[in-house]
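Read top to bottom, the protein sequences are chains S and U. Quick note on my numbering: the first sequence kicks off at 1 and runs consecutively. Quick note on my numbering: the second sequence kicks off at 1 and runs consecutively.
Among these hints, one or two may not hold up.
Taking lysine-lysine and the DSBU-like style, the derived pairs with C-alpha atoms no more than 30 Å apart in a straight line are [stated by the list, open to error]: (1) 187(S) - 255(U); (2) 145(U) - 250(S); (3) 251(U) - 187(S); (4) 145(S) - 255(U); (5) 187(U) - 250(U); (6) 255(S) - 4(U); (7) 196(U) - 40(S); (8) 181(S) - 4(S); (9) 6(S) - 255(U); (10) 90(U) - 251(S); (11) 250(S) - 88(U); (12) 156(U) - 4(U); (13) 88(U) - 187(S); (14) 250(S) - 251(U); (15) 6(S) - 181(U); (16) 181(S) - 251(U); (17) 187(U) - 88(S); (18) 181(U) - 251(S); (19) 187(U) - 187(S); (20) 187(U) - 90(S); (21) 156(U) - 145(U); (22) 145(S) - 250(U).
In silico negatives: residues of chain S with every beta carbon more than 10 Å from chain U [stated by the list, open to error]: (23) 5; (24) 6; (25) 32; (26) 51; (27) 60; (28) 61; (29) 62; (30) 64; (31) 85; (32) 92; (33) 137; (34) 142; (35) 173; (36) 200; (37) 212; (38) 233.
No lab work stands behind these hints: they were computed from the structure. Note that the Cβ used here is the ideal one computed from N, Cα and C, for glycine as well.
Protein chains: 2
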Amino acid sequence: MAKKYKILVSNDDGIYSEGIIALREAMSELGEVYVYAPHKQQSAVGHAITTHLPLRVNPYYMNGDFFGYAVTGTPADCVKLAVTTHMKEKPDLIVSGINHGSNAAINVIYSGTVSAATEGTILGIPSIAFSLTTYVDFDFTYSKKVAKIIASAVLKNGIPPGVLLNVNIPPVPEEQIKGIKVTKQGKSRWNDYFEKRVDPQNREYYWLTGQMNNIEDDEDSDIKAIQQNYVSVTPIQFDLTAYEFLETLKKWEFK
Amino acid sequence: MAKKYKILVSNDDGIYSEGIIALREAMSELGEVYVYAPHKQQSAVGHAITTHLPLRVNPYYMNGDFFGYAVTGTPADCVKLAVTTHMKEKPDLIVSGINHGSNAAINVIYSGTVSAATEGTILGIPSIAFSLTTYVDFDFTYSKKVAKIIASAVLKNGIPPGVLLNVNIPPVPEEQIKGIKVTKQGKSRWNDYFEKRVDPQNREYYWLTGQMNNIEDDEDSDIKAIQQNYVSVTPIQFDLTAYEFLETLKKWEFK
């Protein structure tokens, strides 16, 4: 290999999760791997950062070997701390995952996995979020292979500033995978609500529950691709400006 | 008034903050106001939602009068819980703020204030985030006036599905305000890092610090508008697809 790439690995499921072990293994075939990940589960934290508390950074060992750094913060904290402060040199690539569960459609907004990659992009480094779209029965064999393929493509081609890739992998054996498909963020949302319950002290509490409301009709959406056993690769950005509505809004009278 | 609008008010600074008191007052001139806000400060939480813990919803009184509901969750939780579960009817409008501090440029990504309005938009309700761009010396007199003007315009004109408004108000007296300007999300980012310190037990910790790195050259950006004493109104969206890069990405070979 001509150049030894430096690859930063993070996630939101915590440094001990199966998904990050798989991703670290896959990336070690492409370069030198640095792990900075939350010391505990951080799902659905969105792009939270910690400003009101100090962070601890502790070396984390697995089976006696140094695995990486466990950070007492969010996924975005991990990436920000690694890149701006803790690593001696900036990484060439940042990968986040492999998440246990889908980050397609509206899940992008809530995702800690995606936020780690978004923070990487904000810091000017090519970044990718990987998710395996199941909450049960993880087999990361094919996910590792596809993570390596997509990371190689990013290292080779580069991605424009302000853009990251959000990859979702169907939870099926490799022989059932139809291919890798470039997609748009789907329109499906959660049909959710809070279940009202009563605790043993007779006080009310509310617990979030619900299901994904699948309303996709666009064949190019991430959700459709996954349903058809394609790996979806959606380019996303952190410029949220709704450009299509700008000109209409400029005509409004504010009075 | 022909119709009595139902207006949901939330924020990220907490239900006791000056900004939400100001926004509640301003909205009460337009309709019936319902407050669901975090029971404590939730700045920089991004679009976090609480799935692993139950939420409590407690009535909150101010000077002996019912003010609204204090929710033990994030801004997105407050809006989701109010709209899907707790309110008898869906609101006509959701407003979030008035935040103590800027939510222009990259701050949009980290903002709890914006996430409350984003959640409203995901739920299909016109939503607006308001911020006063100072961390000190709050005077919400003009902010209240402008919140009413912009909320009225949204109630009159509507906004397209999937779009919300992100409003930033310069912290100057009304006579210095040049007007209301429709803008794009600015490109300025934080030039931040973690300060390494040692605690009284001689253990290392890291604390986030840094400054906004102002790199705007676009006169239509929110940051430029605020610097020139305009109120900035940026339409933003939760479809993060980087459409401009889609076609290029489709030409990549994944192997």
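*Would you list, in rising numerical order, the hints stated earlier that this structure does not obey?*
Going through the list in order, the structure violates hints 11, 14, 15, 26, 31, 38 and respects the others.
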